[in-house]
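Novice: This is what each chain is made of:
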Amino acid sequence: MSARTVVVAIVAALGLVALSGCGEKPQASSFKQGKYQGKPDTPPWDNAPLAYTDTNKWTKGDQKSWTDEIKTRNKFQNEYVRIGD
Amino acid sequence: MARMKFLCDAERCIECNGCVTACKNENEVPWGVNRRRVVTVNDGIEGAEKSMSVACMHCSDAPCMAVCPVDCFYKTADGVVLHDKDLCIGCGYCFYACPFGAPQFPQAGAFGLRGKMDKCTFCAGGPEPDRSEAEFKKYGRNRLSEGKLPACAEMCSTKALLGGDGDTIADIYRQRVTVRGKGAEVWGWGTAYGPPKGGQPAAGSKS
Chain A
35 MSARTVVVAI VAALGLVALS GCGEKPQASS FKQGKYQGKP DTPPWDNAPL
85 AYTDTNKWTK GDQKSWTDEI KTRNKFQNEY VRIGD
Chain B
25 MARMKFLCDA ERCIECNGCV TACKNENEVP WGVNRRRVVT VNDGIEGAEK
75 SMSVACMHCS DAPCMAVCPV DCFYKTADGV VLHDKDLCIG CGYCFYACPF
125 GAPQFPQAGA FGLRGKMDKC TFCAGGPEPD RSEAEFKKYG RNRLSEGKLP
175 ACAEMCSTKA LLGGDGDTIA DIYRQRVTVR GKGAEVWGWG TAYGPPKGGQ
225 PAAGSKS
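Residue numbers (this note's numbering), protein chains in the order written: chain A, 35 to 119; chain B, 25 to 231.
Bound conformation, chain A alone (with noise of 0.2 Å):
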């Protein structure tokens, strides 16, 4: 083996060396102004209705309907529709 592959190999073997640092994955978030930037969230219409009680029911994945079914309860807030005229 020559002396100038052997410095070859040890100049190599320190660029990959000083080159193992910059595979590193970034450990703290990228903030960019104005955007969310945490986890996502699923919507409320997307969970089945509670087994339990049959006052609401909506389709899973429709939020029209989940829309409907909370509007439908949101009026049991009117004491006015609750006891009648």
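It is possible that some hints are incorrect.
As the list claims (entries may be wrong) - The list that follows gives simulated cross-link-like pairs (lysine to aspartate or glutamate, EDC-like), each with its CA atoms no further than 16 Å apart:
hint, chain 1, residue 1, chain 2, residue 2
1, A, 94, B, 154
2, A, 73, B, 95
3, B, 162, B, 85
4, A, 94, A, 80
5, A, 105, B, 191
6, A, 91, B, 170
7, B, 206, B, 33
8, A, 69, B, 85
9, B, 161, B, 110
10, A, 105, B, 195
11, A, 69, B, 191
12, A, 109, B, 85
13, A, 94, B, 170
14, B, 183, B, 195
15, A, 73, B, 154
If you are wondering where the hints come from, they were derived from the structure by calculation, not from laboratory data. Predicted model, so just to flag it, every value in this text is computed and none were measured.
Based on the hints, put chain B in the right spot on chain A.
Specialist: Leaving out everything else, chain B in the frame of chain A:
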């Protein structure tokens, strides 16, 4: 699409703090953190004392979202302002920006250490799997995913506090004010509540 809002009727609120208790119980909020509280003005002055239940108002253009340096806030499709506690650094900027004092910070330790921000979630949980233990521990109960409305509004004994779809609670409030015959004369009534669809404005209402 529903757009979730709270509305507190100061003519009805009797300062019972039932909403505060309901919130604390439903979400197991720790001591020192008040997601909801009752504010009373003109306390003790006969005829002038008014109380109002205050929490996060889930602003359409929320200042907390605007000032957050780590952008941990997001708004759901139904208009609820939520945040990711895993990102929150507890800086307190949102507290200074919020006109309602909604963001709360748990105090722990002897040196005023400020924990991650906690606030009213409209009982909509947070960015963890819905109805999971992790979501409950960090954000409280996710009642919206159960087809329910916030516990504070549903528990209110006098129905002073209304919570839910903005148009629906505006309809309830409009009917209430029309029946009791006062309140529609205030400035801004027509803009805020207006006439119902196809209906007539309340008697004496101004725009």
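Novice: For a quick check of understanding: which of the numbered hints are violated here, in increasing order?
Specialist: 3, 11, 12
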